[in-house]
Amino acid sequence: MSDYVPVLIYAAFILAFAVTSLGVAALLRPSRSYDAKLLNYECGSEPIGAAWVQFPVGFYLVALVFLLFDVLAVFLFPWALTLRDLGLAAFWAMALFLFILSLGWLYAYREGMLDWK
Amino acid sequence: MRDVLAAFILLNAVVLIVTYLTYVERKFAARMQSRIGPYRVGRPHGWLQPIADAIKLVIKEDIIPALADRPVYNLAPIVFLIPSLLIFATIPFAPGLGLADLNIGLLFFLAVSSLEIVGLFMGGWGSNNKYALLSAMRGVNQIISYEVPFVLTALIPVLLAGSLQLSAIVEAQRGLWFVAYPVLGQLAFIAFVIATIASENRVPFDILEAESELVAGFRVEYSGMKFALIQLAEYTHMFGVSCLGALLFLGGWLGPGSAHPVVGAAWFLLKALFIFLLVTWVRWSFVRIRVDQILGLSWKVLLPATLILLMATGFWVALRSGHVA
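Those sequence lines, one after another, are chains A and B. For the first sequence, numbering that gives the first Met the number 0 gives the first residue as 0, with consecutive numbering after it. For the second sequence, numbering that gives the first Met the number 0 gives the first residue as 0, with consecutive numbering after it.
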């Protein structure tokens, strides 16, 4: 685990860098705000309603497909590392797995799930 | 103590390099458009321009929209910045010249670099601005779509090298850079560059920035130092991915005289700069494409193509391993 100590120190430095630069800016910058300046930007007119509204379901479908293939990537990492030692047997095992997965991909394609609507 | 010093130097070096990358990009873009670019601040050729920009942004007023979700809005630039700088923790600049050469270096890089989406979405959501939220939704949609091809292409060098350690991947290219492997290497490199451009939201995949329709995307409400941090994070991330490309495909620090750490680091930075300029070249040459084209390219073309490429590489590696099933 000692390999990760420098990484943690580095992360702490990054956080310190972000906080100090914001802090220094807070000391140097002017602060003259009035109501019109604090309005949300909407091409110069007054904003109509809040931005937090419902979104098309298409975004969630993409997220689902992503989840599927990201889990696949999790399987591929150890496979890619050990393929040299395991040889062709491991290759055919993964090929079978990917074949089954690609049937699912083909189904999603035919159903139009990969089209953006 | 040595670690603290190394971390401090690395942070400063990365921030300095990235600050000057903005200058390189502006000069490069200017030349492509027959302009001169930044010229007035500092002689010769306006070399002090990035410093002037930084000072200007530090002393600008910080405007927080009254309707914004304040904690989320204020935290977003920090959350956005941390992963983009943290990816440099495992990058070896030359043999032994790097902060931590983790044995899962590549996995660490991919995991941390995809955390950037969180900051992006926080910024878009916290602003309570319609442009910002639209941009954030598009951004998440696009980045996760290209995450899969990106990881799959990054796995091809892993297959060839048999290690996730970035320095071991470079050493495996001592005979032949992975980009020079017949057919496989070139196709993998092209797929990698496409996935890089898309996950960096650069033209032609910049629907989330889209200055002509969404003004500047998720950072439209940010000003002053927070804007500066977001810009810094974006360029840092781009430079980080360019470095990864140099390590995975272009042989990292390998080159004539690379036994010396300084020469090795120079080769490495030169290769990273090459990928950065490649992406910049594409940026200033192409037009923006539509969202359905972007997603279609990822899910219908790039995903099956990279999977086939990965399996072809795997077959070759398995054949050469000598074990017969």
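Calculated directly from the structure, the hints in this document are not laboratory data. Even glycine gets a Cβ: it sits at the ideal position worked out from N, Cα and C. Possibly wrong hints are sitting among the right ones.
Partial list, computed: chain A residues near chain B (C-beta under 10 angstroms) [as the list claims (entries may be wrong)]:
| hint | residue |
| --- | --- |
| 1 | Y3 |
| 2 | S30 |
| 3 | S32 |
| 4 | K36 |
| 5 | L38 |
| 6 | P46 |
| 7 | W78 |
| 8 | A79 |
| 9 | T81 |
| 10 | L85 |
| 11 | I99 |
| 12 | L102 |
| 13 | L113 |
Taking CB as the label site, the calculated pair distances span [claimed, not checked]:
| hint | chain 1 | residue 1 | chain 2 | residue 2 | range |
| --- | --- | --- | --- | --- | --- |
| 14 | A | L63 | B | P181 | 53 to 61 angstroms |
| 15 | B | V261 | A | Y106 | 16 to 24 angstroms |
| 16 | B | L175 | A | R109 | 37 to 45 angstroms |
| 17 | B | E212 | A | L38 | 30 to 38 angstroms |
| 18 | B | R42 | A | I47 | 47 to 55 angstroms |
| 19 | B | F314 | A | V70 | 37 to 45 angstroms |
| 20 | A | L7 | B | V117 | 33 to 41 angstroms |
Using 20 angstroms as the maximum straight-line C-alpha spacing, the simulated EDC-like pairs for lysine to aspartate or glutamate come out as follows [unchecked claim]:
| hint | chain 1 | residue 1 | chain 2 | residue 2 |
| --- | --- | --- | --- | --- |
| 21 | B | K299 | A | D114 |
| 22 | A | K36 | B | D61 |
| 23 | B | K129 | B | D52 |
| 24 | B | K129 | B | E212 |
| 25 | A | K116 | B | D52 |
| 26 | A | K36 | B | D2 |
| 27 | A | K36 | B | E60 |
| 28 | B | K26 | B | D52 |
| 29 | B | K59 | A | D34 |
| 30 | B | K129 | B | E210 |
| 31 | B | K129 | A | D69 |
| 32 | B | K299 | A | E110 |
| 33 | B | K129 | A | E41 |
| 34 | B | K299 | A | D69 |
Hints, one by one, checked against the model:
1. Y3: At 7 angstroms from the nearest chain B Cβ, A:Y3 passes the 10 angstroms test, so the hint holds.
2. S30: Interface hint status for A:S30: holds (6 angstroms vs cutoff 10 angstroms).
3. S32: holds (7 angstroms)
4. K36: holds (6 angstroms)
5. L38: holds (7 angstroms)
6. P46: holds (8 angstroms)
7. W78: With a minimum Cβ separation of about 8 angstroms from chain B (threshold 10 angstroms), the hint on A:W78 holds.
8. A79: holds (5 angstroms)
9. T81: OK, holds: A:T81 within 10 angstroms of chain B, min 8 angstroms.
10. L85: Holds: closest Cβ of chain B sits about 7 angstroms from A:L85, inside 10 angstroms.
11. I99: violated (13 angstroms)
12. L102: Interface hint status for A:L102: violated (13 angstroms vs cutoff 10 angstroms).
13. L113: With a minimum Cβ separation of about 4 angstroms from chain B (threshold 10 angstroms), the hint on A:L113 holds.
14. A:L63 with B:P181: 53 to 61 angstroms: violated (37 angstroms)
15. B:V261 with A:Y106: 16 to 24 angstroms: violated (55 angstroms)
16. B:L175 with A:R109: 37 to 45 angstroms: At roughly 41 angstroms between Cβ atoms, A:R109 and B:L175 fall inside 37 to 45 angstroms, so the hint holds.
17. B:E212 with A:L38: 30 to 38 angstroms: violated (20 angstroms)
18. B:R42 with A:I47: 47 to 55 angstroms: Taking Cβ atoms as reference, B:R42 and A:I47 lie about 50 angstroms apart, which means the hint holds.
19. B:F314 with A:V70: 37 to 45 angstroms: Violated: the Cβ-Cβ distance is about 23 angstroms, outside 37 to 45 angstroms.
20. A:L7 with B:V117: 33 to 41 angstroms: violated (19 angstroms)
21. B:K299 with A:D114: holds (9 angstroms)
22. A:K36 with B:D61: Judged against 20 angstroms, a Cα distance of about 11 angstroms means the pair holds.
23. B:K129 with B:D52: violated (28 angstroms)
24. B:K129 with B:E212: holds (12 angstroms)
25. A:K116 with B:D52: With a Cα-Cα distance of about 41 angstroms, the restraint between A:K116 and B:D52 is violated, given a limit of 20 angstroms.
26. A:K36 with B:D2: violated (45 angstroms)
27. A:K36 with B:E60: holds (11 angstroms)
28. B:K26 with B:D52: Measuring from Cα to Cα gives roughly 15 angstroms; hence the hint holds.
29. B:K59 with A:D34: Cα-Cα ~18 angstroms, so holds.
30. B:K129 with B:E210: Roughly 14 angstroms separates the two Cα atoms, so the pair holds.
31. B:K129 with A:D69: With a Cα-Cα distance of about 30 angstroms, the restraint between B:K129 and A:D69 is violated, given a limit of 20 angstroms.
32. B:K299 with A:E110: holds (13 angstroms)
33. B:K129 with A:E41: holds (8 angstroms)
34. B:K299 with A:D69: holds (16 angstroms)
Checked against the numbered hints listed earlier, the structure breaks hints 11, 12, 14, 15, 17, 19, 20, 23, 25, 26 and 31; every other hint is satisfied.
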